[in-house]
Amino acid sequence: MTRPNYWKQPLVSLAVWAIVLIVIFPLIWMVITSVKPQTELFRIPATFWPTEITFEHYRTLLEKTAFLKYMRNSVIISTSTTILVITVAVLGAYSLTRFTYPGRERIAFLVLATYLLPSVVLVLPLYLMMVKVGIANSLFSLVVAYTTFALPYALWLLRSFMASMPEELEWAALVDGASRLGAFVDVVLPQAIPGIISTALFTFIVTWNEYFYALILVNTDEARPLTTGVITMLVTSFNIEWSLLMAAAVAMSLPLIIIFVFLQGYLVRGFAGTGVKG
Amino acid sequence: MSAVTIEARKTTLGMSLPSQYALIGVLLIAPTLLIFALVIAYPLLEAIYLSFFSIYTPTLQGQWVGLENYRTMLSSQEFWKALGTNIVWTVGTLTLQVVFGIAMALLLNLNFYFRSLARSLVLFPYFVSTVVAVLVWRWMFNDTYGILNRAILASGLSDMPLDWLGSMPNAMISIILVGAWKYFPFVVIAVLARLQTIPSELYEAAHIDGAGPWSRFWDVTLPQLREVLIVIVLLRTIWDFKEFDLIYLLTGGGPVASTQTLPILVYKQAFGMNAMGKASTYAIGIMVVLLVFMVLYLYRTRRTKGGSP
Numbered sequence: 000m001t002r003p004n005y006w007k008q009p010l011v012s013l014a015v016w017a018i019v020l021i022v023i024f025p026l027i028w029m030v031i032t033s034v035k036p037q038t039e040l041f042r043i044p045a046t047f048w049p050t051e052i053t054f055e056h057y058r059t060l061l062e063k064t065a066f067l068k069y070m071r072n073s074v075i076i077s078t079s080t081t082i083l084v085i086t087v088a089v090l091g092a093y094s095l096t097r098f099t100y101p102g103r104e105r106i107a108f109l110v111l112a113t114y115l116l117p118s119v120v121l122v123l124p125l126y127l128m129m130v131k132v133g134i135a136n137s138l139f140s141l142v143v144a145y146t147t148f149a150l151p152y153a154l155w156l157l158r159s160f161m162a163s164m165p166e167e168l169e170w171a172a173l174v175d176g177a178s179r180l181g182a183f184v185d186v187v188l189p190q191a192i193p194g195i196i197s198t199a200l201f202t203f204i205v206t207w208n209e210y211f212y213a214l215i216l217v218n219t220d221e222a223r224p225l226t227t228g229v230i231t232m233l234v235t236s237f238n239i240e241w242s243l244l245m246a247a248a249v250a251m252s253l254p255l256i257i258i259f260v261f262l263q264g265y266l267v268r269g270f271a272g273t274g275v276k277g
Numbered sequence: 000m001s002a003v004t005i006e007a008r009k010t011t012l013g014m015s016l017p018s019q020y021a022l023i024g025v026l027l028i029a030p031t032l033l034i035f036a037l038v039i040a041y042p043l044l045e046a047i048y049l050s051f052f053s054i055y056t057p058t059l060q061g062q063w064v065g066l067e068n069y070r071t072m073l074s075s076q077e078f079w080k081a082l083g084t085n086i087v088w089t090v091g092t093l094t095l096q097v098v099f100g101i102a103m104a105l106l107l108n109l110n111f112y113f114r115s116l117a118r119s120l121v122l123f124p125y126f127v128s129t130v131v132a133v134l135v136w137r138w139m140f141n142d143t144y145g146i147l148n149r150a151i152l153a154s155g156l157s158d159m160p161l162d163w164l165g166s167m168p169n170a171m172i173s174i175i176l177v178g179a180w181k182y183f184p185f186v187v188i189a190v191l192a193r194l195q196t197i198p199s200e201l202y203e204a205a206h207i208d209g210a211g212p213w214s215r216f217w218d219v220t221l222p223q224l225r226e227v228l229i230v231i232v233l234l235r236t237i238w239d240f241k242e243f244d245l246i247y248l249l250t251g252g253g254p255v256a257s258t259q260t261l262p263i264l265v266y267k268q269a270f271g272m273n274a275m276g277k278a279s280t281y282a283i284g285i286m287v288v289l290l291v292f293m294v295l296y297l298y299r300t301r302r303t304k305g306g307s308p
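Chain order of the listed sequences is A and B. Heads up, the first sequence is in numbering that gives the first Met the number 0, so the first residue is 0 and it goes up one at a time. Heads up, the second sequence is in numbering that gives the first Met the number 0, so the first residue is 0 and it goes up one at a time.
Read the hints as simulated data drawn from the structure, not as lab findings. Possibly wrong hints are sitting among the right ones.
As the list claims (entries may be wrong) - Over 12 Å on every C-beta distance to chain A, these chain B residues come out as not near it, computed from the model: (1) M72; (2) W213; (3) A256.
Claimed, not checked - Covered stretches of chain B (chain A as the covering partner; in silico rule of three or more C-beta atoms under 8 Å from a C-beta of chain A): (4) 108 to 119; (5) 155 to 166.
In this text, a Cβ means the ideal position worked out from N, Cα and C, and glycines have one as well.
Next up, chain B with everything else stripped away, as it sits in the complex (with noise of 0.2 Å):
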């Protein structure tokens, strides 16, 4: 049946056929909303709730303490300590995420043979649980036997084996380094399938105009993907800054506390010092700082798709 008809069918039919249907579309959204509701809108009010008591996790008993929380978290060292460290890993590891991310997507968008392969396995360690990579890394981080250690001595680099996590700035290096590894095939996949639509007469003009390499990637490539490289630094901000697997297997927020980031301090407060309201305090500054990210993509992806997100 063409287009035309149907089009001329609807209108015979009388209503338009959304509101006809209006009431079957209330019923296939209801179980999502009902889930939503129990598990994901109550909870998120329960967590501002507690933040506003004082529990003891062991019992689960609490008391009221209005505001008292939020002034012990603001004035406390730890908080900011641990905001600053949050800081420092999520720049750090993001930066090179972007880094390596653009240049491995700008190589695997050359001809080369078994490319399709090459692609997919650079995949890896974005789909591979944070456990084995963790596991994997601190293998390689090994004191004696771990490779790294083995291949600088090997080497003569140094003669000394290198405590890959165990103090600093070492632990910091090494965290924002395996989290670079794990998560830059995002920044890969979304940027290649950017580059693959870049047309190519803008090359083309840019080679007549007599455009070297290095001016092509900036004046032509880096500008076509400057779209897509602010979703993902806001995506990854995001998802980075309350990464916990990652960092709490690696070094466990050690040594002392120089990599307790946030979301490592929330779960310390809560079964660490058993102080569960005082970690829900945590939890929703967290929400705060990652509210600002998340109100920007939502207004972004609102505005670029034209009302619908």
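This is chain A alone, in the form it adopts within the complex (with noise of 0.2 Å):
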């Protein structure tokens, strides 16, 4: 270990990265059967690569199934919630942190627990519910019921971010003069920038991503979001169209990619705070 070994290095790159590739095959391989045209799919002997590369697959998704009508509803809902949850889970979080009021430490113990209450518990009284209230099969209906989830998780989430704030430059702030709020506007939420941006991609992503909810509450292709509407394609083509399916994987992961791309570490200092460090 002491003596320089200059083979080291490259071998074991080589062997991390050939394990990587495997965990990561899956997707490499939709990707891959994403752009092969329909008859090679069935070829004998089978082709790994592409012999020729198409986008048809992408056209017939955009152009002859419902999945724009999905993704612009995925947006809507997720985009929607995530704004929600974030105004008040910042207001909340910034309450926990920064003020002391009787049943505080009870509030924060509810929000935690709250976030390990399983949906399953919650789906039938907020379908009856919806359906008395008279929004069921409607985009809200799943923007309230992913706020059950992602509320408390972005609470918490922006309670460990806030909580790890130094609070000398709002004392400086308070003791020059500033209102409290106008303290929270000029030196409490510039420092807090990064962790809503974390919470937020945090939350986007999980709305972006629910299934069971969305299987539940909503069975009208006006308000289904791109989870159930990919596979309501699947069950309900004779024919299982493994290519298209592969393209609609690739397109419904696209904010993914996107995030993983630019705000890699934004994703990074959001996990340190989900309490796993515990």
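Got two chains here, each in a separate frame; can you build the complex from them with the hints?
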């Protein structure tokens, strides 16, 4: 270990990268399948790399299926939920970390407890509630349902972000005569921005990926998000078109890929706040 | 302004800041509490209430049956079988997640080329939608054209394609494997973060004592990972136990009911058998089982952070 070994790093790299590629192979295979001509999937012997690259499946997906409609629904649902949840959670987390009042710790505890609450317990009463109030089968019903898990999650993340922010600057502003809310806008918010972006990305991703509530609460194409929408496409087609489905899987992962490429640092930071480090 | 003068001014302000602003604090938490009451607390109580009714799903008409649902549940084979299946799935997939997760974290902690790229690629399975993961795996599991069966046939391991999802125990093994693939990055991130904080002196000391790589792992690394592993296992037990999407989309609980876990049973009772009251009873059953792990986790968080979770 002490003598320099010029071969060590290349060899380690080779071995680790081989394993990493095996781990993400299903995702690579998804992309490869989505650009193969349909006939090539069923060729014997099989080909690994496409002999010709085609984007026809993506075109079919956009032109001949309800994919874009589902996409629009998903964008509306995830964006609204994220905005709602982040607004409420920023105020709530600020309150939980910087104010003292009776019951504060109990509320913080409650937030953590609800974060662990399985959605299978809430789904049936929520379904009844939506029917009763008359918002069943709407985009709004999913925004409400997603808030049940996204809000505790966001509150928890933001609370640990804000707890780690130094209080001195805020004190200084207050002593200099700023109002409490003035100090919040001018001092606390700018400091909290990275944590807020992190939390917003996580919220967006978990709501974008959600399947269970969507399956139970919505059964019309008008409000169906991508997750249940794409599965409906799979179930309804008699002859499963794998290349089309792989194209759909790639396309619905697009926001995720964008976040990974451009905003990855925020995801790693977000993880540190999820309480895993305990 | 230095911290000292701030401290001095704090006292001259007369009142301690927190009590002065308690009202604003309460106003800021009010929207959270309102939403919690409406969409979490109320439905939770309603779920318990519903479990005492017999409700026909299409009409949502119901009648009070008292403890009847619970009696039926506890005496039905279906429930106990689903609970057993649930435990097999949870223990199986969680074990693999932890083993693969630790192994991968150790690898990603080594020095190698393009390390940060490798680290982020490994997270992908965790962040893609379960729907995406399931579509890809179902395509790979495909009887005739799936790459796994083609590889098996081409390599001569078997001259029959494997029925990955339609027979037992294959279906259970398949969902456990896909679950491990999907969720092990969670373990990787948490363990990797902890590995980076283990003081290198510990390894140097072990090295001087003549400890080989194997004993360095068992005697230095693992004890240091203990705390984080306990938290990981508690959280992942809760999340794996209540998993619906992955199993439902891969096997639908089949073949017959061999991969039917409790969450799938809830769904089938409510929308297949149209017995929403009974479904609620099953849901409460799930919560009671998970309560043990939730309490352990909450207790742990509370203790380690000295009063505030």
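Going down the list of hints, with the structure as the test:
{"no.": "1", "hint": "M72", "result": "15 Å, holds"}
{"no.": "2", "hint": "W213", "result": "14 Å, holds"}
{"no.": "3", "hint": "A256", "result": "17 Å, holds"}
{"no.": "4", "hint": "108 to 119", "result": "holds (count 7)"}
{"no.": "5", "hint": "155 to 166", "result": "violated (count 0)"}
Hint violations for this structure: number 5 only, all remaining hints satisfied.
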